[in-house]
Amino acid sequence: MNEKNIKFVQGNEACAEAALYAGLNFFAGYPITPSTEIAELLSVRLPQTGGKFIQMEDEIASICAIIGASLTGNKVMTATSGPGFSLMQEALGYAVMAEIPCVIVNVQRGGPSTGNPTHVSQGDVNQARWGTHGEHSIIALTASNHQDIFSTTVDAFNMAETYRTPVILLFDETIAHMRESLAVPEKGALDIVDRLKTSVKKGVDFHPYLPREDGRLPMSDFGGIHRYNVTGLFHDMWGFPSSDPKIVHGLLRHLVDKIENNVYNIARYKEYFIDDARTVFISYGSSARSALHVVKNRRARGERIGLLELQTLWPFPAAVVRKICAEVQCVIVVEMNMGQVLQQVKMAVDDPGKVFLANRIDGMLITPTDIRNIMRVIQGKGV
Amino acid sequence: MAVKDYIRERFFPQMWCPGCGHGIILNGLIRAVEELGINKNDIVMVSGIGCSARISGYLDFHTMHTLHGRALAFATGIKMSRPELNLLVPMGDGDALAIGGNHFIHAARRNIDITVIVMNNRVYGMTGGQFSPLSGYGSLATTAPYTNIDHPFDAVDIAKSAGATFVARSTTYHIRQLTDLIKKAITHKGFSVVEILSQCPTYYGRKNREGNAYEMMELMKQITTPVGSKAKKENPDLVETGVFVEIDKPEYCAQYEKIIERAKKDGLVRSPSTGRGRVSPGLG
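Here the protein sequences line up with chains A and B, keeping their order. Residues in the first sequence are numbered consecutively from 840, following my numbering. Residues in the second sequence are numbered consecutively from 198, following my numbering.
To be clear, the hints were calculated from the coordinates, so they are not data collected in a lab. Treat the hints with care, since some could be wrong.
As the list claims (entries may be wrong) - Straight-line C-alpha distance at most 30 Å; calculated DSS-like pairs for lysine-lysine: (1) K1036(A) with K237(B); (2) K381(B) with K846(A); (3) K237(B) with K1041(A); (4) K427(B) with K1040(A); (5) K846(A) with K461(B); (6) K380(B) with K1041(A); (7) K461(B) with K1036(A); (8) K237(B) with K1040(A); (9) K1041(A) with K201(B); (10) K1041(A) with K1109(A); (11) K380(B) with K357(B); (12) K843(A) with K461(B); (13) K462(B) with K843(A); (14) K455(B) with K1026(A); (15) K1026(A) with K461(B); (16) K1026(A) with K201(B); (17) K381(B) with K427(B).
Said to hold, decoys possible - Restraint ranges, calculated between C-beta atoms of paired labels, are given here: (18) D1096(A) with R403(B): 41 to 49 Å; (19) G325(B) with L1049(A): 29 to 37 Å; (20) K462(B) with K1041(A): 34 to 42 Å.
Claimed, not checked - So these bits of chain B aren't anywhere near chain A, every CB distance computed over 10 Å: (21) C214; (22) G254; (23) D257; (24) G325; (25) G333; (26) Y334; (27) L337; (28) T340; (29) T344; (30) P349; (31) E407; (32) E431; (33) P433; (34) G439; (35) E443; (36) D445.
We put the beta carbon where it would ideally sit given N, CA and C, even for glycine.
Given only the sequences and the hints, what does the whole structure look like? Please build it.
The structure is reproduced here in structure tokens:
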């Protein structure tokens, strides 16, 4: 690693730089704390690379603009926080339905409503999964340090192209505003997935929604050599609206299966001292940093404790969690909400009675001391 | 080319009611494109939701049927990415000025080169005849059973004050003028708006006792007058038709190309007032 590539940056900057590394060439956004630095940085950097940046009139317009831009062949992103993410939900569903790759960054702050704009929270985990209406599946990723923000952001772009789906990056205020060192990977060090384009020639009918044998749907740049229709209605292989029950059933099953059948390929997680652990923390984002601190501290004293850090939150890697938790005596989910991942873990494990929550919901980062205090209560030792 | 070469026959018969004015707009639009000689492959049509929005599916352009009110936001992303394409955005009265009002005024303010066709039938037809922001004070609708106490917008006034650089109005009665205005709007470099009064005999006409399609079109003839005419001075209730605004102003995508040139050239962010530069922030 070249020393010149080591930068001291905010998490938001790491995300913006990673997006450019992944091939981002169109960004639309609306300023909102604590994600604004992403837009500011990209307004400078995108035109330098020939890309486009536009500040739209609101978050709804922002996500719609990136969906339009993606269809023409661009790699696209928008960045927001809770209130803006709420506004984006309808168009998020459009991108799911029309299968248009895009990346949506949600730097989580305290909610509901305007909530606690400059303070940390992890309260949007379930919104990322279920925020838009109707049955669907979604990919949501997160990270706990700047190096991982970089690789996860690149992953998000790759998955958006691979599965033709919106991918949500669920960061949090602490990780986004914190500064630490980032080693920017050399060009070529990380794999980049480019758009799968159709081999159908000009003048030959192109079916935008006819999957190949491997299930993937090659795209043709909108406005290019093939004319086709795109709609948020249920549609046939031509992209024309249809309410034929067979077509509706088939499309909905496809939208869910293409992600749920690839849960192993999409799952990203890190194991720390899991092998002989009797107590396992499950955490993600900035909470995972505090959990890891406790684990390392206790390990030094000989305690058999480990950490499973989730980087893929959706589709939830239930099989991974079940396997890791099978032999342990106690599972403690560390997060800054009222137990959104806790519920998933309880559903995944054989014995939900051994799963506990260590949380903090007051806008302050959960500290190692907070976790230690909650552990004492769980272990029956009192405060 | 023949008219049928512009439509997707597979998609027909269309879903509009008998007597609906939207078919006339479809006809006028096709004629405009044909007379301009624009290649079908160079046209992108982005529509929202509602009766009007279905027009995109019937046309053999690059077509995108999006969300209620949001068509202009999608179209902005497409136009920024492919400025050489002609962007047509047909909208209903709700699409344009209710749920989509914010996008409408901001797209106009940017003067991005998109052509908007407001298919104004003064009613929400798709959902069964509720009033829209263009229905008018005193009209009747399924959600205004006693009388509508909402004052209407004037689409032309809003487009003008929001900064659109081409603004015109016609009706489905004036098919030749309608075609001509769409041609001018498409040719205009900048944000162009053509409002076309269209009849909805099924809901608006029946509820407001304006009669059948023929009678509604006859009424449109009677209540309109060319812009700047004497008749308007004598009878202020008349609705003016024709071109209201046609001005030159820097177009958004062309301006952004200049931003790219500058950003690539020296990587400096210069203050427009002092001309002094500083190295761009960030990691670069």
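Results for each hint:
Taking the CA atoms of K1036(A) and K237(B), the gap is near 22 Å; set against the 30 Å cutoff, the hint holds. At roughly 53 Å between alpha-carbon atoms, K381(B) and K846(A) are farther apart than 30 Å, so this suggested pair is violated. Note on K237(B) and K1041(A): the hinted pairing holds, with a Cα-Cα distance of about 14 Å set against a maximum of 30 Å. In summary, the hint linking K427(B) to K1040(A) is not supported, as the alpha carbons are separated by about 58 Å, beyond the 30 Å threshold.
Under the criterion of a C-alpha separation no larger than 30 Å, the hint pairing K846(A) with K461(B) is consistent with the structure, at around 22 Å. Note on K380(B) and K1041(A): the hinted pairing holds, with a Cα-Cα distance of about 28 Å set against a maximum of 30 Å. At most 30 Å may separate the alpha-carbon atoms for a hinted pair to count; K461(B) and K1036(A) meet this at roughly 29 Å. About 17 Å separates the Cα atoms of K237(B) and K1040(A), which keeps this hinted pair within 30 Å; it holds.
With a C-alpha separation of about 21 Å, the suggested pair K1041(A) and K201(B) falls inside the 30 Å cut-off, and the hint holds. Proximity of K1041(A) to K1109(A) is assessed by CA-CA distance (about 46 Å); at most 30 Å being required, the pair is judged violated. A C-alpha spacing of about 19 Å is found between K380(B) and K357(B), which places the hinted pair at or below 30 Å, so the restraint holds. Of the supplied pair hints, the one linking K843(A) and K461(B) holds, its CA atoms being roughly 22 Å apart against a limit of 30 Å.
Distance hint between K462(B) and K843(A) is fulfilled; the C-alpha atoms sit about 23 Å from each other, no more than 30 Å. Distance hint between K455(B) and K1026(A) is fulfilled; the C-alpha atoms sit about 28 Å from each other, no more than 30 Å. With a C-alpha separation of about 20 Å, the suggested pair K1026(A) and K461(B) falls inside the 30 Å cut-off, and the hint holds. Between K1026(A) and K201(B), the direct Cα distance comes to roughly 51 Å. Violation of the 30 Å bound is thereby established for this hinted pair.
Pair hint K381(B) plus K427(B) holds up; C-alpha atoms about 25 Å apart against a cutoff of 30 Å. Distance hint for D1096(A) and R403(B): a CB-CB separation of about 46 Å, consistent with the stated range 41 to 49 Å. About 35 Å separates the C-beta atoms of G325(B) and L1049(A), a value consistent with the hinted range of 29 to 37 Å. A beta carbon spacing of about 36 Å between K462(B) and K1041(A) agrees with the range 34 to 42 Å that was offered as a hint.
Consistency note on C214(B): stated as away from chain A, and its beta-carbon is indeed over 10 Å from all of that chain's, at 18 Å minimum. Distance to chain A contradicts G254(B) as a non-interface residue, since its nearest Cβ pair spans about 6 Å, not more than 10 Å. Against the 10 Å criterion, D257(B) falls within the reach of chain A, whose nearest CB is about 6 Å from its own CB. No beta-carbon of chain A comes within 10 Å of the beta-carbon of G325(B); the shortest separation is about 18 Å.
Every beta carbon of chain A lies more than 10 Å from that of G333(B), the smallest distance being close to 27 Å; the non-interface claim holds. For Y334(B), the shortest C-beta to C-beta distance to chain A comes to about 28 Å, beyond the 10 Å cut-off, and the non-interface label holds. Annotated as non-interface, L337(B) keeps its C-beta farther than 10 Å from every C-beta of chain A; the closest such distance is 31 Å. Taking the minimum C-beta to C-beta distance to chain A, about 22 Å, the non-interface status of T340(B) holds against the 10 Å cut.
Under the 10 Å C-beta cut-off, the non-interface status given to T344(B) relative to chain A holds; the minimum distance is some 32 Å. Interface exclusion of P349(B) from chain A stands, the closest Cβ pair being 23 Å apart, more than 10 Å. In this structure E407(B) is separated from chain A by more than 10 Å, as the shortest Cβ-Cβ distance comes to about 31 Å. Remark: the non-interface label on E431(B) is consistent with the geometry, its nearest Cβ contact in chain A lying 40 Å away (cut-off 10 Å).
Listed as a non-interface residue, P433(B) keeps its Cβ farther than 10 Å from every Cβ of chain A; the least gap is roughly 34 Å. Look at G439(B): its CB is around 30 Å from the nearest CB on chain A, clear of 10 Å, so calling it non-interface holds up. The non-interface label for E443(B) is consistent with chain A: the shortest C-beta to C-beta separation is roughly 25 Å, beyond 10 Å. For D445(B), the shortest C-beta to C-beta distance to chain A comes to about 22 Å, beyond the 10 Å cut-off, and the non-interface label holds.
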